[in-house]
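S.K.: Here are the chains, one letter per residue:
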Amino acid sequence: MRGLAQSYREALARLRVQALLDPDSFSEWVDPAQRVTSPHLAALEAPVSFDDGVIVGQGLLYAHPVILIAQEGQFNGGAVGEVHGAKIRGALLRAVRDKPSAVLLCIDSGGVRLHEANAGLIAISEIMRALFAVQEAGIPVIALIGGTCGAFGGMGIVARLCDVIIISEEGRIGLSGPEVIETVKGVEEFDSRDRALVWRITGGKIRRTLGEATLLVDDDIAAFSAAAGEEVGARPRFFKKRRLTPAISLQTLQAAQQQLSARAELDAEIRDGQVLWSRMGLGDQVSLMSPEQFNRRLEALES
Amino acid sequence: MNALQPIRTWNHEALRRQARLERSTPFSRGKAVAARDMVSLLEALLEPGDRVCLEGNNQKQADFLAESLAACSPQRVHDLHLVQSVLALPAHIELFEKGIARRLDFSFAGPQAHRLARLVQSRSIEIGAIHTYLELFGRYFIDLTPQVCLIAAQAADAEGNLYLGPNTEDTPVIVEATAFKSGIVIAQVNEQLERLPRVDIPASWVDFFVVAPTPNHIEPLFTRDPRHITEIQVLMAMMAIKGIYAEYGVERLNHGIGFDTAAIELLLPTYGESLGLKGKIARYWALNPHPTLIPAIEAGFVERVHSFGSEVGMEAYVAARPDIFFPGADGSLRSNRAFCQTAGLYACDLFIGSTLQIDLEGNSSTATLGRITGFGGAPNMGSDARGRRHASAAWLKAGQEKNGGQTPARGQKLVVQTVETWREPGHPAFVERLDAWQLKQDMGMALPPIMIYGDDVSHIVTEEGMANLLLCRSPEEREQAIRGVAGYTPVGMARDHALVENLRDRGIIRRPADMGIDVRDATRDLLAARSIKDLVRASGGLYQPPKQFRNW
Chain A
0 MRGLAQSYRE ALARLRVQAL LDPDSFSEWV DPAQRVTSPH LAALEAPVSF
50 DDGVIVGQGL LYAHPVILIA QEGQFNGGAV GEVHGAKIRG ALLRAVRDKP
100 SAVLLCIDSG GVRLHEANAG LIAISEIMRA LFAVQEAGIP VIALIGGTCG
150 AFGGMGIVAR LCDVIIISEE GRIGLSGPEV IETVKGVEEF DSRDRALVWR
200 ITGGKIRRTL GEATLLVDDD IAAFSAAAGE EVGARPRFFK KRRLTPAISL
250 QTLQAAQQQL SARAELDAEI RDGQVLWSRM GLGDQVSLMS PEQFNRRLEA
300 LES
Chain B
0 MNALQPIRTW NHEALRRQAR LERSTPFSRG KAVAARDMVS LLEALLEPGD
50 RVCLEGNNQK QADFLAESLA ACSPQRVHDL HLVQSVLALP AHIELFEKGI
100 ARRLDFSFAG PQAHRLARLV QSRSIEIGAI HTYLELFGRY FIDLTPQVCL
150 IAAQAADAEG NLYLGPNTED TPVIVEATAF KSGIVIAQVN EQLERLPRVD
200 IPASWVDFFV VAPTPNHIEP LFTRDPRHIT EIQVLMAMMA IKGIYAEYGV
250 ERLNHGIGFD TAAIELLLPT YGESLGLKGK IARYWALNPH PTLIPAIEAG
300 FVERVHSFGS EVGMEAYVAA RPDIFFPGAD GSLRSNRAFC QTAGLYACDL
350 FIGSTLQIDL EGNSSTATLG RITGFGGAPN MGSDARGRRH ASAAWLKAGQ
400 EKNGGQTPAR GQKLVVQTVE TWREPGHPAF VERLDAWQLK QDMGMALPPI
450 MIYGDDVSHI VTEEGMANLL LCRSPEEREQ AIRGVAGYTP VGMARDHALV
500 ENLRDRGIIR RPADMGIDVR DATRDLLAAR SIKDLVRASG GLYQPPKQFR
550 NW
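If you're matching them up, the sequences are chains A and B in order.
Per numbering that gives the first Met the number 0, the very first residue in the first sequence carries number 0; after that it's consecutive.
Per numbering that gives the first Met the number 0, the very first residue in the second sequence carries number 0; after that it's consecutive.
Be a bit skeptical, because a hint or two may be false.
Stated by the list, open to error - Where chain B lies over chain A, by a calculated footprint (3+ residues, C-beta under 8 Å):
no., segment
1, 4-16
2, 192-201
3, 286-294
What the hints assert, rightly or not - Ranges between beta-carbon positions, derived for each pair:
no., chain 1, residue 1, chain 2, residue 2, range
4, A, 262, B, 547, 32 to 38 Å
5, A, 121, B, 113, 51 to 57 Å
6, A, 127, B, 519, 38 to 44 Å
7, A, 190, B, 15, 54 to 60 Å
Keep in mind that the hints were calculated from the coordinates and are not lab data.
Owing to the predicted nature of the structure, the values given are computational and were not obtained by experimental measurement.
We put the beta carbon where it would ideally sit given N, CA and C, even for glycine.
Using the sequences and the accompanying hints, generate a full structural model.
M.R.: Take a look at the structure:
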């Protein structure tokens with residue numbers, strides 16, 4: 000009786016977790032029954048959430064053991080506070096010990112929670128450090144980005160540290176959000192209400208085009224699940240892909256630096272995704288391409 | 000015979016028309032009028048007290064002519080009587096503020112509802128009546144025939160033939176009434192063409208045309224972004240499809256405009272299909288080309304659609320689906336409000352729409368204090384056509400239910416109101432007394448502006464369930480049936496629980512579970528499109544949504 004696919008964007012984090020993993024395979028750590036909530040929000044008499052806006056635990060993805068972290072964008076915009084951050088860090092460190100096939104990081108966040116800014120900022124740096132430890136242990140971290148909040152602020156940086164980013168067209172990655180840029184630099188710099196512009200600059204298609212995301216998928220939890228399954232080697236690959244972040248060495252860092260410098264020079268006057276797509280010969284209908292059409296066109300151009 | 004008896008002239012109107020045309024000669028070249036001469040032409044031609052139809056539709060507006068009329072000198076042009084379906088533009092209100100117009104007979108004043116109410120309170124306007132569309136069109140041929148009409152068309156040729164484009168709306172009925180009663184027809188057009196794609200109004204019915212400095216404004220009023228459809232609306236749509244469309248076998252219908260009905264349109268190819276209803280329900284429509292109907296058309300549910308007007312962005316899609324819509328030989332849509340309203344009244348078995356307030360008799364109204372909105376298409380289509388004589392399964396079944404199971408001499412139209420019990424915090428949809436009564440008193444009106452009369456309503460659908468008013472046998476039962484689906488509003492809380500349970504046992508009130516609907520299934524994932532982009536994709540790229548609906 001399903002109409003469209005089950006939307007990743009519109010689902011709550013708990014539904015995403017359930018639908019991403021093998022049925023009944025998920026067990027949660029620090030679950031809502033334990034009511035570990037934010038002391039900072041309570042002090043400000045702001046509403047708290049029994050899971051502090053993030054779900055962590057372990058489960059099976061196509062029978063492969065994974066650790067899964069899922070932010071709830073509907074609670075305070077998925078913002079990272081002290082408890083929220085500690086849960087993410089703890090889950091990452093647990094991966095170092097337990098050696099699952101991968102860590103799935105479902106990012107849906109505007110960044111640091113302003114109510115507990117210092118604790119949140121520290122939490123972000125702790126998450127980054129823990130993430131490096133996971134990678135050092137040879138376990139891939141796969142970011143899934145397709146929620147309403149995207150991956151902004153500190154979580155935008157964390158996203159780009161991941162080995163693989165699976166994103167939907169509706170997903171977004173950025174540092175400062177459009178509203179912040181408009182507030183600071185004026186509407187002439189960035190009209191945050193021009194939804195088309197926002198997506199052409201921060202959305203999944205342009206991020207994939209720029210090589211900042213690994214794979215574009217439909218706004219469908221099953222599509223995210225299948226793509227993550229391919230990454231852990233549980234399913235044959237549909238599209239050939241490379242790791243975003245190769246193992247860190249002086250050489251790879253220099254190569255990355257070179258690539259970024261070249262891009263800064265080449266694309267300096269490009270201020271809109273559409274210009275880039277036109278120059279690449281993708282035409283002016285990129286927004287209407289299905290993810291599959293888009294991935295095929297892009298792979299053909301890249302090879 | 001007395002030879003001194005005065006001889007009566009029988010062509011007084013034609014002579015008056017002739018005089019108007021002669022006075023206009025300095026300001027026109029044949030039928031063509033330059034935009035800069037339009038005010039002078041109107042001042043020369045109009046006479047105080049004239050009945051004027053200044054074409055204002057739901058969507059298409061003769062905006063240049065409205066501004067020209069508003070720029071006329073009130074010393075020369077005054078006390079006009081406007082007879083037009085919609086009062087939508089600020090210029091329409093200005094006419095009354097300046098004294099150019101004094102009296103108004105109309106149907107709908109959506110965007111100007113507030114200013115109109117103020118004009119009434121300051122006695123700057125006399126309102127004849129707030130009509131339904133068909134009533135007003137009928138009166139054009141009886142006692143409200145325009146002496147001058149100012150209309151909007153897409154294009155004219157040098158002779159004055161007019162092409163109306165896909166948004167025909169009221170134009171044919173206005174021109175017919177005016178041109179054939181010695182009136183003057185003035186058209187504003189977007190462009191003058193060597194050769195028109197098709198002739199919708201022949202030149203011999205047209206006196207003057209002007210190429211307006213900017214194209215007439217058209218609002219995309221019938222586009223609902225699926226992004227905003229809630230899960231409650233999905234649930235109510237499931238109840239309507241399973242509990243009404245399927246049970247009565249509704250094949251011919253009209254939908255009001257709103258997110259509630261958009262949800263139904265988007266559930267047909269998914270939920271409707273899963274119930275095996277394709278080819279059995281919702282085949283023939285009186286409806287504007289709603290973008291949200293695209294998935295149902297593509298899935299093969301919809302077989303035919305006749306339209307009142309068009310919808311911005313749907314032109315290419317409509318042209319590519321000539322089997323479904325009513326195109327001209329040139330391929331573009333021909334619509335017609337008068338005919339489509341007639342179709343909705345007489346040839347449809349069901350109307351479903353939403354409202355702002357419903358009282359305990361089932362009367363519903365979109366009028367709220369301080370605003371005179373009037374009515375859209377709902378009152379004609381949302382009323383039982385007692386003159387109807389042809390039978391259909393849905394019409395007969397509804398008639399039988401109303402008649403206590405006996406086969407009646409006539410059937411009954413299904414008129415469904417679908418509302419959430421609270422339309423917003425602090426504003427329940429169910430009320431003991433409609434604001435319309437207060438408005439009647441404040442505005443000194445003859446009637447309260449009730450949109451759909453309770454005795455025409457067959458079903459009320461809310462998130463709490465569905466009330467079948469056809470099965471109610473007394474006013475008390477009817478009241479409890481309405482309270483029984485009114486949720487946690489004050490009206491709903493005041494229900495008689497025992498009576499409501501009794502009504503539920505008799506199938507007069509049905510909860511989702513009583514219809515075999517699991518409320519947990521009511522998610523947005525059931526919609527055939529969740530965004531405007533999904534609609535574009537469903538149309539194969541033919542639907543071109545206006546900018547405000549795009550995020551690309």
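S.K.: Kindly indicate which numbered hints from before are broken by the structure, ordering the numbers from low to high.
M.R.: none
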